[in-house]
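Colleague: This is what each chain is made of:
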Amino acid sequence: MYGYHGVVLIVDLTARTARREPLDVDVLRQFIGGTGLASYLLYRHCPPGADPLGPDNPLVFACSPLVGSRLTTSSKFAVAAKSPLTGMIGDSISSSFLAVELKRTGCDALLIRGRSDEPTLLTIEDGRVEFLSAAELMGLTTLETERDVRNRLGRRFRVACIGPAGENMVRFASIANDGGRQAGRTGTGAVMGSKNLKAVAVRGRNPAAVFDRDGLDEIGRGLSAKSLGPATEKYRTTGTMANVAVFDRLGALPTRNFRQSTFESADDVSGEALYQGHFVKNAHCANCTIGCEKVLSVGAGAKKSTGRMEYESAFALGPLVGVSDRETVIRASHYCDEMGMDTISAGVTTAWAMECFERGILTLDETDGLELRFGNSNAILACLEYISNKNGKLGTLLAEGSRIASGIVGQKSEGWAMHVKGLEMPGYEPRSLKTMALALAVSTRGACHNRSSAYEADFSNRVNRLEADAERGKITADGEDFSAVLDSLIWCKFLRKAFDDFWGESASALNLVTGWDVTPRELKAAGERINNLKKLFNIREGWQREDDTLPDRVLSERLPDGAAAGVGLSTDELELMIAAYYEARGWNEDGTIPASKLAEMNLDRLWTTAS
Amino acid sequence: MRVTVELFGHARLVSGVREVEARIPARADSSHIAAALVSEAPALSGVAVSEDGRSLMPSYTANLNGLAFIGDEPVSVSSGDRIYVFSSQAGG
Numbered sequence: 001m002y003g004y005h006g007v008v009l010i011v012d013l014t015a016r017t018a019r020r021e022p023l024d025v026d027v028l029r030q031f032i033g034g035t036g037l038a039s040y041l042l043y044r045h046c047p048p049g050a051d052p053l054g055p056d057n058p059l060v061f062a063c064s065p066l067v068g069s070r071l072t073t074s075s076k077f078a079v080a081a082k083s084p085l086t087g088m089i090g091d092s093i094s095s096s097f098l099a100v101e102l103k104r105t106g107c108d109a110l111l112i113r114g115r116s117d118e119p120t121l122l123t124i125e126d127g128r129v130e131f132l133s134a135a136e137l138m139g140l141t142t143l144e145t146e147r148d149v150r151n152r153l154g155r156r157f158r159v160a161c162i163g164p165a166g167e168n169m170v171r172f173a174s175i176a177n178d179g180g181r182q183a184g185r186t187g188t189g190a191v192m193g194s195k196n197l198k199a200v201a202v203r204g205r206n207p208a209a210v211f212d213r214d215g216l217d218e219i220g221r222g223l224s225a226k227s228l229g230p231a232t233e234k235y236r237t238t239g240t241m242a243n244v245a246v247f248d249r250l251g252a253l254p255t256r257n258f259r260q261s262t263f264e265s266a267d268d269v270s271g272e273a274l275y276q277g278h279f280v281k282n283a284h285c286a287n288c289t290i291g292c293e294k295v296l297s298v299g300a301g302a303k304k305s306t307g308r309m310e311y312e313s314a315f316a317l318g319p320l321v322g323v324s325d326r327e328t329v330i331r332a333s334h335y336c337d338e339m340g341m342d343t344i345s346a347g348v349t350t351a352w353a354m355e356c357f358e359r360g361i362l363t364l365d366e367t368d369g370l371e372l373r374f375g376n377s378n379a380i381l382a383c384l385e386y387i388s389n390k391n392g393k394l395g396t397l398l399a400e401g402s403r404i405a406s407g408i409v410g411q412k413s414e415g416w417a418m419h420v421k422g423l424e425m426p427g428y429e430p431r432s433l434k435t436m437a438l439a440l441a442v443s444t445r446g447a448c449h450n451r452s453s454a455y456e457a458d459f460s461n462r463v464n465r466l467e468a469d470a471e472r473g474k475i476t477a478d479g480e481d482f483s484a485v486l487d488s489l490i491w492c493k494f495l496r497k498a499f500d501d502f503w504g505e506s507a508s509a510l511n512l513v514t515g516w517d518v519t520p521r522e523l524k525a526a527g528e529r530i531n532n533l534k535k536l537f538n539i540r541e542g543w544q545r546e547d548d549t550l551p552d553r554v555l556s557e558r559l560p561d562g563a564a565a566g567v568g569l570s571t572d573e574l575e576l577m578i579a580a581y582y583e584a585r586g587w588n589e590d591g592t593i594p595a596s597k598l599a600e601m602n603l604d605r606l607w608t609t610a611s
Numbered sequence: 001m002r003v004t005v006e007l008f009g010h011a012r013l014v015s016g017v018r019e020v021e022a023r024i025p026a027r028a029d030s031s032h033i034a035a036a037l038v039s040e041a042p043a044l045s046g047v048a049v050s051e052d053g054r055s056l057m058p059s060y061t062a063n064l065n066g067l068a069f070i071g072d073e074p075v076s077v078s079s080g081d082r083i084y085v086f087s088s089q090a091g092g
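Protein chains in written order, with the working numbering: chain A, 1 to 611; chain B, 1 to 92.
Just chain A, with the same shape it has in the complex (with noise of 0.2 Å):
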């Protein structure tokens, strides 16, 4: 077998085993690799109902044909789980030398289940799995805890890990690999974590062998080149961060937990006054061209704070916080990462806690005494610092996320818990980009802006982004599919605009990898399978059809200022494009999937054996 091992190592915790499990070709034919893999192990092996921070709950790391092959942005990795926040399919994506290093141990992907009687290392060098105490790594955070990994394994094992956030089970948690980078979303960190699991440390001498291998460097090498164009220039230079102004200028910009979608002081803590003000140096994952991770640095000294800075960060931990000084907005995101917490849901979970004080419904002694205002940037630290370590009235609600927390405060403020089936939401206003809307709305695993690209369409003259219509079912659609294949393959969603024919040169890459002969046409099937195997994962675990909604906020109030002032999204408005969505997948008008779908993408089996 070219490209693959086919195997899938599986880790049972609580009985201190490991076994490979072969691989069917089949099965990585129709699901690739990344998230298509791992959706589709965790469907297979995660028994229906299960506790999201229960042992059967299986934590998977999923690698893909395209790991180890040298190809530009291709050292990925995907981690999924039922996930805490959701109780649905949580699945994220991380880079760089762990998805490398875990496949050449000799397996496709990492299935662990079960749970540890106390804090473990999960160490995996080529063939042979221990089991080491990790009690010296509690309390670490996460670069603390790969460092001390590292020094006691040596240089060579690559550590997946996660920080105090994990460790308590904060429901979006986040896995933390290579000095800082993360798979953040869903929280996966808060499984690891329930799994009393600290760290997976993982070192490999076995790689996958490629079919072609002067072919591929041939084609390797031309799209290293147009890695380095015009296609990739903003993450090359400034990088996401400067989404910030421009979003603003657009009235996309969530402020003050989407009351507004301008800030007033957005050009402060923008991507180019972070960039001006606090560049450090550009990172690259492994086998990256195109480096656009931003290393910033604040502070001097003890109070130095250096790390990586990206839109979604920016955007939750500034203007969606109210937060106007850079600083606060630099240490906040670089906490999040050390302590292992998607920033996101951080920021987004922080921004209704702040809403909920100011209206009066969180009082001081239930804050823990913080003024939890909108631009108070101590009380943003400190919170956060709450939400990692669960400490206090305040760290042990708001650890539970936006959605449960605000079923707890009650009083209506779940109208202003600014998730979808509660992962909540990026930073893209859904009035003024109604693509988006769409695409936050159905999502499978949450309000996720990663799984659709929708937004790319809003940003041109393609759509008008301020009307809804039903043209835009289809465009979320393939954009879900297009992602799915991105993300299984996996390439970088950065290097997606230097393909002349994606689905060509995708196609091209992997029967080079794997001797295949896989067709254009079965890659675009494949992602249309990959989505439909979520939305089946999610079916199976409660699904409903109200769950494929939007915040009360969005779809009761208007816009009051920018360049879309007055905008509006209508529920009306809404279930039109998701009734536009459902028939261009070809679902049932309640957004369930009908037997003949099913047969038609060979998921008819996988329905009947889990039924």
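In case anyone wonders, no lab produced these hints; they're calculated from the structure. Worth double-checking, as some hints may not be accurate.
Facing chain B, a subset of chain A residues (Cβ under 7 Å, in silico) [stated by the list, open to error]:
{"#": "1", "residue": "Arg147"}
{"#": "2", "residue": "Ala242"}
{"#": "3", "residue": "Ala245"}
{"#": "4", "residue": "Arg249"}
{"#": "5", "residue": "Gly251"}
{"#": "6", "residue": "Glu272"}
{"#": "7", "residue": "Tyr455"}
Among the chain A residues that face chain B by a calculated CB cut under 10 Å, a handful are [said to hold, decoys possible]:
{"#": "8", "residue": "Ala252"}
{"#": "9", "residue": "Thr306"}
{"#": "10", "residue": "Glu327"}
Pairwise CB distance ranges (calculated) [said to hold, decoys possible]:
{"#": "11", "chain 1": "A", "residue 1": "Gly375", "chain 2": "B", "residue 2": "Asp72", "range": "39 to 47 Å"}
{"#": "12", "chain 1": "A", "residue 1": "Asn464", "chain 2": "B", "residue 2": "Pro25", "range": "22 to 30 Å"}
{"#": "13", "chain 1": "A", "residue 1": "Pro520", "chain 2": "B", "residue 2": "Pro25", "range": "40 to 48 Å"}
{"#": "14", "chain 1": "A", "residue 1": "Arg558", "chain 2": "B", "residue 2": "Arg82", "range": "21 to 29 Å"}
{"#": "15", "chain 1": "A", "residue 1": "Lys474", "chain 2": "B", "residue 2": "Gly71", "range": "18 to 26 Å"}
Bear in mind that the values here come from a model prediction, so they are computed numbers and not experimental data. In this text, a Cβ means the ideal position worked out from N, Cα and C, and glycines have one as well.
Position chain B against the provided structure of chain A, taking the given hints into account.
Modeller: Only chain B this time, still in chain A's reference frame:
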């Protein structure tokens, strides 16, 4: 028409200016924006504007007042309008 063209991201950093004043026709397409930019901020040649000065680079887009995107089809422009020139890669 007298408009203000605001630059973002790499274009702003390379040109050293946040915005420039420009005169463009009342019906303008992206080529007019490109010509105005290269005249007012020559450093943008080869960066945001093609080296022949006739078009925006594929990595850039122009937007009128935060609403319509300006491409090959002309749009109506009024004095006092603001044109935003930023990366065409919307991802974040």
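Colleague: For each hint, tell me whether it holds in the structure or not.
Modeller: Hints, verified against the model:
| no. | hint | in the structure |
| --- | --- | --- |
| 1 | Arg147 | violated, 29 Å |
| 2 | Ala242 | holds, 4 Å |
| 3 | Ala245 | holds, 6 Å |
| 4 | Arg249 | holds, 5 Å |
| 5 | Gly251 | holds, 6 Å |
| 6 | Glu272 | holds, 5 Å |
| 7 | Tyr455 | holds, 5 Å |
| 8 | Ala252 | holds, 9 Å |
| 9 | Thr306 | violated, 21 Å |
| 10 | Glu327 | violated, 21 Å |
| 11 | A:Gly375 / B:Asp72: 39 to 47 Å | holds, 43 Å |
| 12 | A:Asn464 / B:Pro25: 22 to 30 Å | holds, 24 Å |
| 13 | A:Pro520 / B:Pro25: 40 to 48 Å | holds, 43 Å |
| 14 | A:Arg558 / B:Arg82: 21 to 29 Å | holds, 22 Å |
| 15 | A:Lys474 / B:Gly71: 18 to 26 Å | holds, 22 Å |
Comparing the model with each numbered hint stated earlier shows that hints 1, 9 and 10 do not hold.
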